[in-house]
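Line order of the protein sequences matches chains A and B.
Under this note's numbering, the first residue of the first sequence carries the number 1, and numbering increases by one thereafter.
Under this note's numbering, the first residue of the second sequence carries the number 1, and numbering increases by one thereafter.
Derived by calculation from the structure, the hints in this document are not laboratory data.
A few of these clues could be false.
As the list claims (entries may be wrong) - Computed Cβ-Cβ distance ranges for the label pairs, DEER-style:
| hint | chain 1 | residue 1 | chain 2 | residue 2 | range |
| --- | --- | --- | --- | --- | --- |
| 1 | A | 499 | B | 83 | 54 to 60 Å |
| 2 | A | 52 | B | 75 | 26 to 32 Å |
| 3 | A | 86 | B | 33 | 54 to 60 Å |
| 4 | A | 86 | B | 156 | 31 to 37 Å |
| 5 | B | 40 | A | 104 | 47 to 53 Å |
| 6 | B | 117 | A | 499 | 56 to 62 Å |
| 7 | A | 529 | B | 41 | 28 to 34 Å |
| 8 | B | 88 | A | 52 | 40 to 46 Å |
| 9 | A | 491 | B | 75 | 36 to 42 Å |
| 10 | B | 83 | A | 52 | 27 to 33 Å |
Here the structure is a predicted model, which is why all the values come from computation and not from measurement.
Even for Gly, the Cβ is constructed at its ideal location relative to N, Cα and C.
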Amino acid sequence: MVAVDTWDLAVRLRRIACALAALLAATVTISGFSGSVAAHAVLLETQPENAAILDDPPERLVLIFNEPVKPLAVRVLDAGGMEVTGPEAARAVDSRIEIALSSPLARGGYIVSWRVSSTDSHIIGGSYLFAVGNAPDHWREAGETQTARAGADGWWSLATGLIRIPFLASLFIAAGSVWFLALISPAPRPSQAALLRPARIAGVTAIGSGLLLIAVQGGAVLTPALSGLADPQVWRASLATPLGMSALAAVAALAAMQLGLHLWDRRFGPGLASLAALAATVSLTLTGHAVVAEPRVLSTPALGVHAVAVAFWLGALVPLHAMARSEPLPKLAAVLQKFSGLAVVVVAVLAVAGLILAAVQVAHPLALVTTPYGGLLLAKVALVVALLAIALANKRRHLPALLSGNEGARARLRRNVRWEAAIILAVIAFTAGLGQTTPPRALAQQEGAAPNRTGSAIKLASGSGDYRASITIDPARPGRNEVTVSIRDSDGNALQPLSAQLRLHHPALSLETGQRAMERRPDGRFVLDGSGLSVPGVWRIGVEVLVTEFENVRFNETIEIE
Amino acid sequence: MRISLLTSAFVAVAALAGLSGGLGDAQAHVTADPNEAAADSWFRTALRVSHGCEGSDTLAVKVKLPEGVSFVKPQMKAGWEITVTMRELETPRESPYGEITEVVDEIEWRGGPLPDPYFDEFGIAMKLPDAVGETLYFRTVQECAEGTHRWISIPGPDENWGDLDEPAPFIRLTPGS
């Protein structure tokens, strides 16, 4: 083993520092965008309509979304919170979820609680009410009731976004290195052994982060406690989502690639590794925004080609960097020339594919500056332009210098290669951020259809007689919650009630908290911060507000805590 | 099997406690007496306050008159100061005695005190509306030295008056004689 001298160590440490800096920047970027997760699939319509009172029992229930979704947990409960149909009755048909009703529904009120995963693996959920014959009393007074919740995956979603970065980076490095070594530098095998090591390490890293990604995606689907990751159900749930499936396919292909790397000396070794690397890269097209964007016949291949081009570029930089140190100058110059030639084609393909994808996702050019997605995309493009400038410098300046036998050019080349790699990693980070952000195409479909969402909090409008209440439950999770109530009269004027009491009831488990006084704020709102909503499930909220000395108004609503 | 003396004592005490608890609840409501009258008639009733607030003396009784009653007069009461609040009608009401533009909105008796062990009645005279079959609710606030009872709950279409915690005293309008 060659001794590691201090200069070498310094270089390595600097490299690691750069990588960490890029990762930090990526974390900040992603957390900024996925903190307020905007779901990409949107519920457009339900049959029957929310708060509808039907004369006859419906034949089936339908939820219509703006894009195909996969049902994760869709249930129908009666007014007492008992399950009428379970998740097995829900079927996905195009962009709809259809719930089959095995027997006609009896008279009374019902709650449809739904949780679905869109094809770009984002999870949204909510619930709506309807009644057959008579609505329950508290619904009759309630009027407009819409319980709504944003993607209930908060932290898990952030983790998914973060783990995608090392996953993508290591996958690209591994695949690109394999192609470089197989196609561009068919050197005598022994000297290739040293170059194979980074590829092998990248491959193992990719497999590890891929498995972690599957686990975390399972967390995003079922939102268990951290210890719940050991539960096979979480893994099964993750593999039911496109992201989980894509990650599994990538991991399997990467395993085959590792085998090919191990057997590199055999005749079929490089071939196996290259094909497996191609399969792993292409598996990324199984999920993501591009998969749902129309026209699919254009966006899916564009994404595949885009990914292969990035992998080729990034992956080639690692062996190039190593070769720039040790290989004899003429040999290095020859390899670089060959690489540059191919790189021109790759860059052109990358740019065209990227433009197609951008055009599909950013429906309107103006959206580039008005939406977060557009902003991220512009930043990514700026980085790519910088990257191209550096790559061009490599070709124009360093190649002739190397050809003319200038040893000093080695160090400059290596430095430039490092810069290229760092920028590509930053671009990958921005890509992961794009994956967590709503593209303008989907934003346009959200307009008018999206109910009130603020993180995972539930916001309701309730009515009783002449008064309207606005009730917010934050964060609408089991455990500690803050319930805020504000009252208006029928003209919309804010009122200053004298006092308010809150009562919580969980019908299925017969849990009930007694009347608890809410704290009065100077602006007339009432707040109660407590642990009453202690278990998940369907809860009845009763708010009794003393609007005037002689008027006590009761608001009753039903919510679901997950 | 022989039941021990101790066990029977427990059962007896429990039964009595339960019974008295139940009885106590019914009597504790503020009610109107009499609570049935002919529609469109001149009528006199009284709000009976038979308990304080968990043992505390009653210091004030405030009642909000329902829509439709007119020519309301509270009964004079020694030791209690009366405050009458008027309300302007949006559309004046016709009556044999001329046009009514404002009516009594709230009556307050303040003073006493009325100790918990005693009951007292607060009289109101009025002309009832011509609405046979309707039930008028007289929302009443009982202020005590410690605490307040608000007898202001009105039962919904499928609820019983007796099931509510603090229901408002009512008067049922019957067909005239």
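A range of 54 to 60 Å was offered for this pair. Does it hold for the Cβ distance of residue 86 of chain A and residue 33 of chain B? holds (56 Å)
Does the beta carbon distance between residue 499 of chain A and residue 83 of chain B stay inside 54 to 60 Å, or does it fall outside? 23 Å Cβ-Cβ, so the 54 to 60 Å window is violated.
Is it true that residue 86 of chain A and residue 156 of chain B lie within 31 to 37 Å of each other by Cβ? holds (33 Å)
Falls inside 26 to 32 Å, the C-beta gap from residue 52 of chain A to residue 75 of chain B? The hint (26 to 32 Å, Cβ to Cβ) is violated, given that residue 52 of chain A and residue 75 of chain B are roughly 52 Å apart.
Range agreement (Cβ of residue 52 of chain A with Cβ of residue 83 of chain B, hint 27 to 33 Å): Cβ of residue 83 of chain B to Cβ of residue 52 of chain A: about 49 Å, so the range 27 to 33 Å is violated.
Can you let me know if the beta-carbon spacing of residue 529 of chain A and residue 41 of chain B is within 28 to 34 Å? Given about 53 Å between the Cβ atoms, the range is violated.
Cβ distance range 36 to 42 Å for residue 491 of chain A and residue 75 of chain B, holds or violated: holds (38 Å)
Is 47 to 53 Å respected by the C-beta to C-beta distance linking residue 40 of chain B and residue 104 of chain A? Holds: the Cβ-Cβ distance is about 49 Å, inside 47 to 53 Å.
Taking 40 to 46 Å as the hint, is the beta-carbon distance of residue 88 of chain B and residue 52 of chain A inside that range? holds (42 Å)
Note whether the CB distance of residue 117 of chain B and residue 499 of chain A lies within 56 to 62 Å or breaks it. violated (29 Å)
Hints 1, 2, 6, 7, 10 from the list above are not met by this structure, while the remaining hints are.
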